[in-house]
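2 protein chains.
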Amino acid sequence: MRFSLPPVMASALLASAAALSAAEWLDPAGAEPEADGSVLWYDLLSLGLQGRGWDASATATPYDRLPAAAEGKVPPAVWTLSHNSAGMYADFVTDATTLRAHWVLRSEKLSMNHMAATGVSGVDLYVRQDDGTWRWAAVGRPEATENTAVLLNGVPPGEREFRLYLPLYNGVSKVRLGIPSGSRLGRVAPRSGEPDRPVVIYGTSITQGGCASRPGMAHPAILGRRLGAPVINLGFSGSGRMEAALGELLAELDPALYVLECLPNMGAPEIRERVVPFVRTLRQAHPRTPVLLVEDRTYCGAFLVPSQAERNRTSREAYREAYRQLQAEGVEGLYYLEGADLIGHDGEGAVDGSHPTDLGFVRMADVMEPPMRLLLNR
Amino acid sequence: MRFSLPPVMASALLASAAALSAAEWLDPAGAEPEADGSVLWYDLLSLGLQGRGWDASATATPYDRLPAAAEGKVPPAVWTLSHNSAGMYADFVTDATTLRAHWVLRSEKLSMNHMAATGVSGVDLYVRQDDGTWRWAAVGRPEATENTAVLLNGVPPGEREFRLYLPLYNGVSKVRLGIPSGSRLGRVAPRSGEPDRPVVIYGTSITQGGCASRPGMAHPAILGRRLGAPVINLGFSGSGRMEAALGELLAELDPALYVLECLPNMGAPEIRERVVPFVRTLRQAHPRTPVLLVEDRTYCGAFLVPSQAERNRTSREAYREAYRQLQAEGVEGLYYLEGADLIGHDGEGAVDGSHPTDLGFVRMADVMEPPMRLLLNR
Numbered sequence: 058m059r060f061s062l063p064p065v066m067a068s069a070l071l072a073s074a075a076a077l078s079a080a081e082w083l084d085p086a087g088a089e090p091e092a093d094g095s096v097l098w099y100d101l102l103s104l105g106l107q108g109r110g111w112d113a114s115a116t117a118t119p120y121d122r123l124p125a126a127a128e129g130k131v132p133p134a135v136w137t138l139s140h141n142s143a144g145m146y147a148d149f150v151t152d153a154t155t156l157r158a159h160w161v162l163r164s165e166k167l168s169m170n171h172m173a174a175t176g177v178s179g180v181d182l183y184v185r186q187d188d189g190t191w192r193w194a195a196v197g198r199p200e201a202t203e204n205t206a207v208l209l210n211g212v213p214p215g216e217r218e219f220r221l222y223l224p225l226y227n228g229v230s231k232v233r234l235g236i237p238s239g240s241r242l243g244r245v246a247p248r249s250g251e252p253d254r255p256v257v258i259y260g261t262s263i264t265q266g267g268c269a270s271r272p273g274m275a276h277p278a279i280l281g282r283r284l285g286a287p288v289i290n291l292g293f294s295g296s297g298r299m300e301a302a303l304g305e306l307l308a309e310l311d312p313a314l315y316v317l318e319c320l321p322n323m324g325a326p327e328i329r330e331r332v333v334p335f336v337r338t339l340r341q342a343h344p345r346t347p348v349l350l351v352e353d354r355t356y357c358g359a360f361l362v363p364s365q366a367e368r369n370r371t372s373r374e375a376y377r378e379a380y381r382q383l384q385a386e387g388v389e390g391l392y393y394l395e396g397a398d399l400i401g402h403d404g405e406g407a408v409d410g411s412h413p414t415d416l417g418f419v420r421m422a423d424v425m426e427p428p429m430r431l432l433l434n435r
Numbered sequence: 058m059r060f061s062l063p064p065v066m067a068s069a070l071l072a073s074a075a076a077l078s079a080a081e082w083l084d085p086a087g088a089e090p091e092a093d094g095s096v097l098w099y100d101l102l103s104l105g106l107q108g109r110g111w112d113a114s115a116t117a118t119p120y121d122r123l124p125a126a127a128e129g130k131v132p133p134a135v136w137t138l139s140h141n142s143a144g145m146y147a148d149f150v151t152d153a154t155t156l157r158a159h160w161v162l163r164s165e166k167l168s169m170n171h172m173a174a175t176g177v178s179g180v181d182l183y184v185r186q187d188d189g190t191w192r193w194a195a196v197g198r199p200e201a202t203e204n205t206a207v208l209l210n211g212v213p214p215g216e217r218e219f220r221l222y223l224p225l226y227n228g229v230s231k232v233r234l235g236i237p238s239g240s241r242l243g244r245v246a247p248r249s250g251e252p253d254r255p256v257v258i259y260g261t262s263i264t265q266g267g268c269a270s271r272p273g274m275a276h277p278a279i280l281g282r283r284l285g286a287p288v289i290n291l292g293f294s295g296s297g298r299m300e301a302a303l304g305e306l307l308a309e310l311d312p313a314l315y316v317l318e319c320l321p322n323m324g325a326p327e328i329r330e331r332v333v334p335f336v337r338t339l340r341q342a343h344p345r346t347p348v349l350l351v352e353d354r355t356y357c358g359a360f361l362v363p364s365q366a367e368r369n370r371t372s373r374e375a376y377r378e379a380y381r382q383l384q385a386e387g388v389e390g391l392y393y394l395e396g397a398d399l400i401g402h403d404g405e406g407a408v409d410g411s412h413p414t415d416l417g418f419v420r421m422a423d424v425m426e427p428p429m430r431l432l433l434n435r
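Residue numbers (this note's numbering), protein chains in the order written: chain A, 58 to 435; chain V, 58 to 435.
Mixed in with the good hints there might be a few duds.
[Stated by the list, open to error] Pairwise CB distance ranges (calculated): (1) Glu305/A x Ser238/V: 49 to 59 Å; (2) Thr118/V x Pro326/A: 44 to 54 Å; (3) Asp403/A x Gly87/V: 47 to 57 Å; (4) Thr371/V x Val207/A: 17 to 27 Å.
[Said to hold, decoys possible] Here are some of the chain V residues that sit facing chain A, going by a computed Cβ distance under 7 Å: (5) Lys130; (6) Val131; (7) Asn170; (8) Ala174; (9) Thr175; (10) Ala194; (11) Val196; (12) Arg198; (13) Leu361; (14) Val362; (15) Gly404; (16) Asp415; (17) Leu416; (18) Val419.
Derived by calculation from the structure, the hints in this document are not laboratory data.
Built from N, CA and C at the ideal position, the CB exists for glycine as well.
Could you build all of it, start to finish, from the sequences and the hints given here?
Have a look at this one:
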């Protein structure tokens, strides 16, 4: 059993042609001009921020990943990590031939010893191509808590749609885009043929994006681009442990698909105790929303260190037990994806045997894309 | 023309079965015991250091990549970068079930903003499997200029062969391996069926390993493992520019293959001026040694930013001109590898559009391995 679908799931795989978007141009009067007047700075929030489960009316700051009401209900570590902007991005259209970013970080800890500052605290730009696919365009490399970077320069004239991803392991208090005065910046209009309901991915440091080289290379971001679907990254480093409060928060959302990938942070006893009630909470609020249980990736050292192999084995055994119990209870729309293939089989997909590099994240996306595409009917 | 071989090159691709190595055990009297006597620390140099073009009799310190005589002859930046231990490694055998590393770095700059400290300043451990292939085992994560890390713990008893790679963008003044007293550590005996003459790769920041997540993921290291050949990494960040002094230094070596991949650091005028005399210098000293000219990888932003595409185009045009001129002069054993495929075609292989991540380095190794295998007749 690599990926298990009940027989009823026989939806055809339909390609949906994404219509090109029409822009709603922002009023330059709302931008801040550079001292010499050459550049106009627009607040990123004026473009609409994506990748959030709760919008600014519910959160303490616009760049928070959990609502203000979650404080004190979720474990302190989860609350702290909810200020990291993992998975947040803005889509926009511009005819600018030069593009700058200005971003102010919340924490002075710009990097980790196994993850570059570009991934922890950088911004990452993609451009939408004529065929509707996204292609990497530029990265903003952080040097301090406040950064200004020229992302693009000398691009040929023409309107293009871009996506800017925000830092994975840091928070932001302010993000601005700078374009030459005279150029235009606009919101992206809703696109026909693309879903508005998001995918919600709940998990660990790996979900949050450790250790991608830049924000666009975390697997939730890669999958969002490939599937043409909004993705909400609810990865909490070291803290994806399926507490009841997290189940209640996830149930507040109304996604097209839940992906639950907490195993790297949970031992077998916790899995046995928490998975079943967690899924029940989601199912009570959303009787039909598919829920995909994803196993942990195999530790790269498991072939050599028995304790690592044992951890993979016992966690998976407990997760599968929970899956079977939920099925026996008659829970429908529940799917299971094994972890053995997630980061490949050569031991090279992670920086430390646990956290994927870009190589591991691409491999994860390769494994997760087909079942997610099926469940999203895309 | 992706990879061009003269018709005379028709060697069959022969697999060589690597014989398992016999160890020459080190005398514990030469090790330094931990205060409580539980651990014996052996200097890495007592195992024999590989990946060096010049041994300690010629270099100012044992971990230098260029001979002391090169100081003042090579550009100052090259001299400074020659103190980085990029590409150096030690092979060893041990029956220890716990393995520690202690390493002292030369520079306090442990990371770069687009490259994690594990790659810049870390150590990276591989183990040789029964089939002769290498598999990742552990990484040593740097926290300061002096580091001690438990690389392995709880490994089942048995003799195993390991390879420890040293930092890519930092130098080391001292490296030690710690094993439980009572365990043994030994040198690896020369292996039948494997070449003793190395591959010499001369190039830029990319050759040096920017921006691999750990030392074993730079493409010279990957290729060394895959080909079962010693590789000497002469990558100098921002400074791979084919000066005459570098040609004379490379000519002092006697490799099985020269790989020249300096294009990312050279514009067309420099390429026109320097490539032909550089290759002539190598050829005069070594009439038969194959020389592989590798083009630059395509900038990930070249599809969008015309100046990047132009830089790729003009550099390659000049490199190919040099190749043709050398062929016209009757230089034999010269081979050419195009760069278009090096880091893939999806724009995701680099952190900044230029420097490969582990994803890009694996793709580079995939492209470079077959022609190098052919030229090494392995």
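Interface hint check: Lys130/V, Cβ to nearest Cβ on chain A, cutoff 7 Å. Holds or violated?
violated, 34 Å
Just tell me: holds or violated, for the beta carbon distance of Thr371/V and Val207/A against 17 to 27 Å?
Holds - the Cβ-Cβ distance for Thr371/V and Val207/A, about 23 Å, lies within 17 to 27 Å.
Under 7 Å, Cβ to Cβ, is where Val131/V needs to be relative to chain A, so tell me if that hint holds or is violated.
It is violated, given that the least Cβ distance between Val131/V and chain A is near 29 Å, above 7 Å.
Take the C-beta atom of Thr118/V and the C-beta atom of Pro326/A, compute their distance, and say whether it sits inside 44 to 54 Å.
Given range 44 to 54 Å: holds, Cβ gap about 52 Å.
Just tell me: holds or violated, for the beta carbon distance of Asp403/A and Gly87/V against 47 to 57 Å?
Distance hint for Asp403/A, Gly87/V is violated at roughly 36 Å.
Given hint Ala174/V near chain A, where the shortest CB pair must fall under 7 Å
holds, 4 Å
Supplied contact hint for Arg198/V, tested at 7 Å Cβ to chain A:
It holds, given that the least Cβ distance between Arg198/V and chain A is near 5 Å, below 7 Å.
Interface hint outcome for Thr175/V [beta carbon to chain A under 7 Å]:
holds, 5 Å
Supplied contact hint for Gly404/V, tested at 7 Å Cβ to chain A:
With Cβ-Cβ at 4 Å, under 7 Å, it holds.
Hint validation: Asp415/V versus chain A, beta carbon distance must be below 7 Å. Holds or violated?
With Cβ-Cβ at 4 Å, under 7 Å, it holds.
Per-residue hint verdict: Leu416/V, partner chain A, C-beta under 7 Å:
It holds, given that the least Cβ distance between Leu416/V and chain A is near 4 Å, below 7 Å.
Minimum beta-carbon distance criterion (7 Å), Val362/V to chain A:
Holds - the Cβ of Val362/V comes within 7 Å of chain A, reaching about 6 Å at its closest.
Violation of the numbered hints given earlier is confined to hints 3, 5 and 6; the remaining hints are satisfied by the structure.
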